[in-house]
Amino acid sequence: MFQVAPRSTVYDVVVIGSGAGGGTATKVLADLGVNVALLEAGPMIDPAKDFKEHMWPYQVPHRGIGDGGLGYFGPTPWDFGYFTTTSGGWQLPGEPYTVAPGDKWEWFRSRVVGGRTNHFGRIALRFADYDFAPYSRDGLGTDWPITYDELAPYYDKAESFIGVTGSQEGIRSAPDGIFQACPPPRVHEILVQRAAKKLNIPCIPSRLAVITKPTNGRPACHYCAQCGRGCVSASNYSSSQVQIFPAMETGRVKLFTNAMARELITDDSGRVTAVSYVDKITRAENQIRCRSVVVACGACESARLLLNSKSSRYPTGIANGSGHVGRNLTDSVGYSLGAHIPALDGLPRHNSDGMGGMHVYIPWWLWDAKNKEFPRGYHVEIGGGFHMPGIGSFNGICSRHEGYGQDLKAAIYDQYGANVSFAGRGEQIPNPHTFCEIDPDVVDRFGIPVLRFHFRWTDDELKQARHMHETFQAILETMGGTVTRPKPNFLGGEGISMGGEIIHELGTIRMGKDPSASVLNKYCQAHEVKNLFVADAAPFVSNPDKNPTLTIIALAWRTAEYLAQEMRQGNV
Amino acid sequence: MSETSRRDLLRAIALSVTAGGLNLEAAQHVHRLVAQARTASGYEPKALTQHEYKTLERLADLIVPADEHGPGAASAGVCEFIDLLASQNPQLLAIYTGGTAWLDSAMRRRAATDFVSAKPEQQTALLDLIAYRKNKSAELGPGIQFFDWARKMVVDAYYTSPEGIKAIGYLGNTAVAKFEVPQEAIDYAIKRSPV
Chain A
1 MFQVAPRSTV
11 YDVVVIGSGA
21 GGGTATKVLA
31 DLGVNVALLE
41 AGPMIDPAKD
51 FKEHMWPYQV
61 PHRGIGDGGL
71 GYFGPTPWDF
81 GYFTTTSGGW
91 QLPGEPYTVA
101 PGDKWEWFRS
111 RVVGGRTNHF
121 GRIALRFADY
131 DFAPYSRDGL
141 GTDWPITYDE
151 LAPYYDKAES
161 FIGVTGSQEG
171 IRSAPDGIFQ
181 ACPPPRVHEI
191 LVQRAAKKLN
201 IPCIPSRLAV
211 ITKPTNGRPA
221 CHYCAQCGRG
231 CVSASNYSSS
241 QVQIFPAMET
251 GRVKLFTNAM
261 ARELITDDSG
271 RVTAVSYVDK
281 ITRAENQIRC
291 RSVVVACGAC
301 ESARLLLNSK
311 SSRYPTGIAN
321 GSGHVGRNLT
331 DSVGYSLGAH
341 IPALDGLPRH
351 NSDGMGGMHV
361 YIPWWLWDAK
371 NKEFPRGYHV
381 EIGGGFHMPG
391 IGSFNGICSR
401 HEGYGQDLKA
411 AIYDQYGANV
421 SFAGRGEQIP
431 NPHTFCEIDP
441 DVVDRFGIPV
451 LRFHFRWTDD
461 ELKQARHMHE
471 TFQAILETMG
481 GTVTRPKPNF
491 LGGEGISMGG
501 EIIHELGTIR
511 MGKDPSASVL
521 NKYCQAHEVK
531 NLFVADAAPF
541 VSNPDKNPTL
551 TIIALAWRTA
561 EYLAQEMRQG
571 NV
Chain B
1 MSETSRRDLL
11 RAIALSVTAG
21 GLNLEAAQHV
31 HRLVAQARTA
41 SGYEPKALTQ
51 HEYKTLERLA
61 DLIVPADEHG
71 PGAASAGVCE
81 FIDLLASQNP
91 QLLAIYTGGT
101 AWLDSAMRRR
111 AATDFVSAKP
121 EQQTALLDLI
131 AYRKNKSAEL
141 GPGIQFFDWA
151 RKMVVDAYYT
161 SPEGIKAIGY
171 LGNTAVAKFE
181 VPQEAIDYAI
191 KRSPV
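Keeping their order, the protein sequence lines are chains A and B. Just so you know, the first sequence maps onto residues 1 to 572 in our numbering. Just so you know, the second sequence maps onto residues 1 to 195 in our numbering.
Honestly, the hints are just simulated from the structure, not real lab data. Since we're looking at a predicted model, the values are computed, not measured. Any given hint might turn out to be false.
[Stated by the list, open to error] Computed footprint of chain B on chain A, listed as stretches where at least three residues anywhere in the stretch have a Cβ under 8 Å from a Cβ of chain B:
#1 57-71
#2 393-406
#3 478-492
[Unchecked claim] The list that follows gives simulated cross-link-like pairs (lysine to aspartate or glutamate, EDC-like), each with its CA atoms no further than 16 Å apart:
#4 B:K136 to A:E402
#5 A:K310 to A:E528
#6 B:K166 to A:D414
#7 B:K152 to A:E402
Glycine included, C-beta positions come from ideal geometry on N, C-alpha and C.
Could you build all of it, start to finish, from the sequences and the hints given here?
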């Protein structure tokens with residue numbers, strides 16, 4: 001079992017957080033012979049016990065709605081449904097955050113080994129070359145201190161190691177990589193591809209972190225569509241199963257669970273010498289000594305830890321001489337729209353489960369268009385098919401059809417699997433009104449000051465969401481569907497997702513060449529603290545229309561290699 | 001895929017995975033138990049009275065009747081699901097005690113009998129009124145609201161039961177070595193599609 005380290009133990013590296021960034025850093029460091037203490041604020045995960053993969057709804061008396069029909073009356077404790085794997089929540093008991101008056105923000109936090117990689121959508125997209133130089137391209141935001149070519153070898157390593165599906169397409173907005181074969185499109189996805197083609201929109205095989213051939217001892221996907229429940233055979237990527245468990249087998253990783261980091265302790269020279277944390281079970285205070293630290297708590301939680309690590313040397317928080325810790329926060333722009341597609345009515349029954357997610361997707365296609373009404377772009381995710389029936393699956397049909405009896409039963413049979421939906425995920429540009437800071441008045445149940453959020457969309461994002469609606473409507477109508485949802489008043493703030501809701505929050509400890517306008521250098525090493533590194537999405541300089549996970553892994557991999565090299569050379 | 005190779009695959013996955021997860025045998029066991037409990041006549045309602053429960057059974061079968069795809073709602077265990085949840089939640093229980101009592105009083109006004117004893121055509125005549133939002137009136141409002149609840153929960157419970165999953169034709173939640181889409185299904189959709 002896990003033991004509290006004796007005070008005298010000094011680890012080479014303490015990694016704080018076990019999600020995509022922390023998991024990658026831990027695995028890469030351990031493989032390079034570095035001794036790692038891995039801190040996770042939640043409990044261990046046991047796939048055999050905790051995952052509800054392959055369960056039928058009738059194997060639970062409440063069928064997933066909760067005792068007493070809980071979900072019929074309001075929210076349940078399971079933010080993504082009863083059968084989804086343990087991952088975290090929109091609210092954590094005793095661990096509040098606050099939002100500035102008039103603003104709206106939602107913050108999903110994980111407290112479990114593997115973090116949000118246990119449930120995430122497995123979408124694994126490379127950023128495009130131009131995504132690293134947004135300011136040079138359109139004068140908005142800030143350029144990254146690295147280029148695509150500098151990160152590309154690490155995208156290669158990440159894809160080769162975790163396994164990502166895809167195809168070679170030669171599309172600039174969606175760079176090709178090292179891909180495993182993607183399973184063929186489902187029937188509704190074929191219709192989407194045909195409609196998209198007519199509209200001159202590309203629709204290509206999905207890039208999902210799911211393996212379709214045996215990889216590093218993991219068996220290939222068995223196509224049950226239940227990635228979100230957690231995969232007992234580890235055929236999709238989660239940092240817990242794919243990186244942390246194997247890393248622990250090296251004997252160089254000590255995992256501390258239920259360990260909530262309080263602050264980074266520094267010496268007179270300003271170096272981090274230890275991490276102070278509270279054991280959440282006993283509420284005992286502990287310290288782990290280290291030669292260097294990798295902060296990977298998730299962008300906002302990482303910013304919180306830095307801001308709370310105050311000393312006479314770092315009065316506004318460690319590494320925060322620039323004042324940029326907590327700033328430049330963004331989330332993805334989100335908007336969804338679906339419709340009933342009559343061509344799919346009565347579709348001959350077959351198993352359409354496949355991977356847990358779409359088999360084709362739409363990468364951004366207007367990257368070169370002139371005179372767009374908004375900057376940047378979005379990609380489109382596609383939903384549909386014969387899903388395992390669950391509570392609420394036929395609400396839409398019941399509400400549209402009404403009635404009862406043979407008529408209703410026939411309509412349900414006919415329209416099952418005949419719905420197609422689209423979800424856009426687009427780029428938000430950092431703005432001065434969107435950031436997090438320490439709330440001066442509130443602490444959590446461990447006495448740790450909490451974050452206060454400020455969030456604002458600008459017209460750029462609102463217009464982008466409007467464009468999503470128009471695109472989705474065009475594709476659905478080309479497929480013969482009728483969109484019944486009235487077009488939201490986007491410029492009035494309707495329709496667009498709430499800040500934080502897409503769970504792509506990032507940018508709060510950004511990297512950059514200029515120490516007065518960034519916190520980290522091009523290796524995600526603090527400008528001011530040589531043995532402090534950040535390895536989640538906090539270092540991102542922009543939030544392109546590609547989900548962040550693959551870039552978190554690639555960047556963390558590069559950071560960990562650099563750190564190991566610097567330690568070997570005695571520089572850290 | 002042949003049955004033998006499917007079994008081999010399942011065994012292989014089961015071995016590669018420690019315990020839990022792909023527990024098909026356990027699933028089938030539960031399925032059998034549920035089936036036995038039902039045939040052993042007379043589930044004892046935990047929350048509803050015998051009369052309320054019988055009323056709910058009749059209503060459930062009117063909402064989802066038996067057809068060539070599968071049995072009616074009551075024999076698929078729908079009312080047990082509703083009664084169980086109602087036994088855990090007074091708010092939900094009130095919806096069903098109030099709703100079944102409303103059905104009785106509405107039927108008494110129309111046919112001088114309670115709902116479950118009325119003739120099938122009298123029952124459907126009442127449902128023809130309360131199964132549609134457009135009929136909302138001072139008299140029918142509570143009935144329409146209750147019927148919406150009942151329809152939602154009966155449909156939910158039916159299609160999450162083994163019988164309902166079979167009736168809807170869901171063929172997944174199984175391990176396959178290769179994902180394929182039948183050409184017949186592709187042709188069917190393309191023939192009907194404007195693109």
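Against the structure, the hints:
no., hint, verdict
1, 57-71, "holds (count 12)"
2, 393-406, "holds (count 9)"
3, 478-492, "holds (count 3)"
4, B:K136 to A:E402, "holds, 13 Å"
5, A:K310 to A:E528, "holds, 14 Å"
6, B:K166 to A:D414, "holds, 14 Å"
7, B:K152 to A:E402, "holds, 10 Å"
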